[in-house]
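Throw the hints in and build the complete structure from the sequences for me.
Going by the numbering used here, the first residue of the sequence shown is number 5, and it counts up by one from there.
I should point out that these hints are in silico values taken from the structure, not numbers from a laboratory. Take the hints with a grain of salt, since some may be wrong.
[To be verified] Below are the DMTMM-like pairs computed for lysine to aspartate or glutamate, each with C-alpha atoms no more than 25 Å apart in a straight line:
no.: 1; residue 1: 80; residue 2: 23
no.: 2; residue 1: 96; residue 2: 60
no.: 3; residue 1: 159; residue 2: 147
no.: 4; residue 1: 80; residue 2: 105
no.: 5; residue 1: 80; residue 2: 126
no.: 6; residue 1: 96; residue 2: 81
no.: 7; residue 1: 96; residue 2: 85
no.: 8; residue 1: 96; residue 2: 157
no.: 9; residue 1: 96; residue 2: 117
no.: 10; residue 1: 80; residue 2: 137
no.: 11; residue 1: 80; residue 2: 122
no.: 12; residue 1: 58; residue 2: 147
no.: 13; residue 1: 159; residue 2: 81
no.: 14; residue 1: 159; residue 2: 79
no.: 15; residue 1: 58; residue 2: 157
no.: 16; residue 1: 58; residue 2: 105
no.: 17; residue 1: 96; residue 2: 147
no.: 18; residue 1: 58; residue 2: 126
no.: 19; residue 1: 58; residue 2: 100
no.: 20; residue 1: 58; residue 2: 23
no.: 21; residue 1: 159; residue 2: 85
no.: 22; residue 1: 80; residue 2: 100
no.: 23; residue 1: 159; residue 2: 117
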Amino acid sequence: MPMHAYIGASASCWALYNELLARQYEGFVGSLPANQALTRIRVIDAYSVQHHGKPERRAIQSVNAHLVALYLQLEKEYSGEQVNAALQRVLKFANEFVWLEPPTPNGTLTIADVLRAETSQEQANAIENYARDIWRAWHARRETAVRWARRAEGK
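Here it is in structure tokens:
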């Protein structure tokens, strides 16, 4: 079973994640209002933070960037376009990112919880709950995300 190069997911969990992405691209959430289109990127950010990998450059950059994205989405209510633009600026500092020790537990929800959704609205709600659950689990690292977001804004 294929696995991701630096995201620390088991092969079976990675397969579930890819199943969810396939559903999203097939239009399962395609009927959602524009403001809920963030669910497509929220699940990527939450999953990447929850599956932090090992302390190596790509995993460190991934967790830091996706944690900033969760902060911008969930606390600052940035749109998808705003998040993408901010991340382009944040990634200019990627060589300065450090390993963030993951919390225990690293959330209480998983991608399997999201896959139980039977309608596009249920899926959007499940993704929102999943992203917020992971953000709460990583709350001790909130100031790191805020610092990188502010630095990217020149503050």
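Hint-by-hint comparison with the structure:
1. 80 - 23: Violated, at roughly 29 Å.
2. 96 - 60: 18 Å, holds
3. 159 - 147: Holds - the C-alpha atoms of residue 147 and residue 159 are around 14 Å apart, at most 25 Å.
4. 80 - 105: This hinted pair holds, its Cα atoms lying about 24 Å apart.
5. 80 - 126: Answer holds: residue 80 to residue 126 is near 24 Å, not above 25 Å.
6. 96 - 81: 22 Å, holds
7. 96 - 85: 18 Å, holds
8. 96 - 157: Between residue 96 and residue 157 the Cα gap is close to 12 Å, so the pair holds against 25 Å.
9. 96 - 117: Not OK: residue 96 and residue 117 at ~34 Å, beyond 25 Å, violated.
10. 80 - 137: 17 Å, holds
11. 80 - 122: At roughly 29 Å apart (the allowed maximum being 25 Å), residue 122 and residue 80 break the hint.
12. 58 - 147: This hinted pair holds, its Cα atoms lying about 22 Å apart.
13. 159 - 81: 19 Å, holds
14. 159 - 79: Distance ~18 Å between residue 159 and residue 79 Cα, so the pair holds.
15. 58 - 157: Violated, at roughly 29 Å.
16. 58 - 105: With a Cα-Cα distance of about 10 Å, the restraint between residue 58 and residue 105 holds, given a limit of 25 Å.
17. 96 - 147: 19 Å, holds
18. 58 - 126: 33 Å, violated
19. 58 - 100: Judged against 25 Å, a Cα distance of about 17 Å means the pair holds.
20. 58 - 23: Between residue 58 and residue 23 the Cα gap is close to 24 Å, so the pair holds against 25 Å.
21. 159 - 85: The hint holds at about 20 Å.
22. 80 - 100: Answer holds: residue 80 to residue 100 is near 23 Å, not above 25 Å.
23. 159 - 117: This hinted pair is violated, its Cα atoms lying about 38 Å apart.
Comparing the model with each earlier hint shows violations of hints 1, 9, 11, 15, 18 and 23; every other hint is respected.
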